[in-house]
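Given these sequences and hints, build the entire structure.
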Amino acid sequence: MDINNEESQIKKIENFALQIRKHILEMAVSAGADSAHFGGALSITEIVSTLFAYQMKIDKKNPKWEDRDRFILSKGHACLAYYAALCEVGYISNNELKTFEKNETNLLGHPVMNRNLGIDFSNGSLGMGLSLGIGVAISAKKKKKNFKVYVIVGDGECNEGSIWEGAMAAPNFKLDNLYVIIDKNNFQQTGSNKEIMNVENLKDKWSSFGWHTTELDGHNIPDLCNFFKESSKINKPKAIIANTIKGKGFTFSENNNDWHHSILSKSIYEKALKELEKK
Amino acid sequence: MIINDRDIKMWSTIGARATVGIAALELAKQIDNLMVLTCDVSTSAGLDRFRKTFPEKYLDLGIAEQNMIGVAAGLASENFNVITTTFAPFQTMRCCEQIKVNLGYMRQKICMVGIASGLALGTLGYTHCCIEDVGILRSIPGITIISPADSLETVKALEAAVNSENPCYLRLTGSSNNPIVYSKDYEFKIGKSITLREGKDITIFSSGAMVYQSLEAAKILESKKISSKVINMHTIKPIDKLAIEEACETRLIVSIEEHNVIGGLGSAISEHKSTLKKSPKQLFLGIKDTYSKGGNYKFLKEKHRLTPEKIVQDIILNIE
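Read top to bottom, the protein sequences are chains A and B.
The letter at position 225 of the first sequence is residue 224 when you use numbering that gives the first Met the number 0, and the numbering goes up by one with no holes.
The letter at position 256 of the second sequence is residue 255 when you use numbering that gives the first Met the number 0, and the numbering goes up by one with no holes.
Treat the hints loosely; a few may be bogus.
The following label-pair restraints were derived from C-beta to C-beta distances [what the hints assert, rightly or not]:
| id | chain 1 | residue 1 | chain 2 | residue 2 | range |
| --- | --- | --- | --- | --- | --- |
| 1 | A | Ala-32 | B | Thr-42 | 52 to 60 Å |
| 2 | B | Cys-247 | A | Gln-188 | 49 to 57 Å |
| 3 | B | Glu-96 | A | Asn-102 | 22 to 30 Å |
| 4 | A | Glu-269 | B | Asn-162 | 51 to 59 Å |
| 5 | A | Lys-193 | B | Asn-162 | 51 to 59 Å |
| 6 | A | Ile-195 | B | Thr-42 | 35 to 43 Å |
| 7 | B | Asp-31 | A | Lys-265 | 55 to 63 Å |
| 8 | A | Glu-103 | B | Tyr-290 | 39 to 47 Å |
| 9 | B | Thr-42 | A | Asn-200 | 31 to 39 Å |
| 10 | A | Ala-32 | B | Arg-304 | 51 to 59 Å |
| 11 | A | Asn-219 | B | Thr-42 | 48 to 56 Å |
No lab work stands behind these hints, which were simulated from the structure alone.
We treat Cβ as the ideally placed atom computed from N, Cα and C, and that holds for glycine.
Take a look at the structure:
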């Protein structure tokens, strides 16, 4: 069955994405002058929504369920989207979301391991999540478990050498239970990839390392679903080069790298909320 | 683990880093979820038999230490009991931030074994010597650091570290024909130092291959009417504070380490000593914050004044 025909399923994921964007706005505005990593969270919103609302096997009542699919946000600064998804799933309450970046919070500006909240690992220092994913994927093979491992990395993060150590290792260990989604939003902290460090031809790069690789629109939910469906039997680790728009969803932030890490004022928040409500 | 006299002699002959592979093999027979990860050093770490006997418990990550620590942490998060091992500089510094985030921040329980630390690989130059590892790792919260005195203590320390709940670093020093400090099995407890020789004038604290040198130095000192207490401070973190407090009753505290004098055992001792109301002077013996010209292990121990004779000379110059 083609996912394009499953309209209700797609609607559900779209609605999940809409809620994520609302939560992102709320957390960013509540962080105030402490700033929030806004752009890179919005670029992965459809990816995270497709994973949490459709693709990943999870138990909404038990974040520690042993057979759950594992999720690793290697580009940890995009945690606004992660926390929002965990809230939608039911692991984090709306009240707890309001503690984002506040003193003594569980929800800092980069994820801190907290299994009760569904956060399996601490991340934030770039280039580390793929290696963790490889370890977890190997553990599934050793234990003969069927769970899958999903790692989101940034395109800027692909500057880190450790990403390529992991890229080399996963096919070597034949980890067909491992998925890497590269958020190709074309920007990194201080400029475009082209200006800072060119990471073009990512599909060729990952393919040449031995991954089953595809390139798709990272905001196109049916395309994401179809890839997961069609690639499930392929006997290789899978890499998705997801072409995305940094700051996706709001006219002021799309492709505007000023919103990599910025302060969301009350007035912009209100405008953004209206823009969201029109959708 | 059952230990007999023949093993102790054989382990001494092959040295700590080959012994660790044998110890891992024995532990794997008892511990189902044990995994050993290396970076293309199976032969150097005495793991060839392990690799052949337990291929399912063995992973070679290639020459990629950052990835090794991350993979180890992924496995540890799924309740595998993981040992990682490679040469000490690459085990500790190449992947230092991975160690911080995975073993420190997340407290993933991994036992890292740094082989050929200190000066043993001096002919290969200071890329392969390791005089910084303790200082660097000591600043990461929550990591136990153990530097075994001989091959038997390497076995005891590995067993203790694998059975501990905390992330650990085992720092292996010395070469083959590792002098024997312990000729019989004994009780080893992480964090509890061992007094090897009683004395009333001075206290010598040492760890790793320097323990044997300290015992030899104490014999010479005795002939010069200086009575030395010698303590094997096998665990550098957490440091045995009580032993330091007791040492303050002697006239001089000497720390001897095959490590930079900044950041290692001597620093750890002085950090506690300086909080005490009354304490004697401390003499820091070790590598004096320099990368010297290289050479073989014996040559470098002489050069850095870490032989019994040189240790005695420095102590006599400093005793009041």
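Now the hints, each set against the structure:
1. A/Ala-32 x B/Thr-42: 52 to 60 Å: holds, 56 Å
2. B/Cys-247 x A/Gln-188: 49 to 57 Å: For A/Gln-188 against B/Cys-247, whose Cβ atoms are near 51 Å apart, the range 49 to 57 Å holds.
3. B/Glu-96 x A/Asn-102: 22 to 30 Å: With Cβ atoms ~26 Å apart, the hint holds.
4. A/Glu-269 x B/Asn-162: 51 to 59 Å: Given about 58 Å between the Cβ atoms, the range holds.
5. A/Lys-193 x B/Asn-162: 51 to 59 Å: holds, 52 Å
6. A/Ile-195 x B/Thr-42: 35 to 43 Å: holds, 41 Å
7. B/Asp-31 x A/Lys-265: 55 to 63 Å: Since B/Asp-31 and A/Lys-265 have Cβ atoms about 57 Å apart, the given range 55 to 63 Å holds.
8. A/Glu-103 x B/Tyr-290: 39 to 47 Å: holds, 44 Å
9. B/Thr-42 x A/Asn-200: 31 to 39 Å: Since B/Thr-42 and A/Asn-200 have Cβ atoms about 38 Å apart, the given range 31 to 39 Å holds.
10. A/Ala-32 x B/Arg-304: 51 to 59 Å: holds, 56 Å
11. A/Asn-219 x B/Thr-42: 48 to 56 Å: holds, 50 Å
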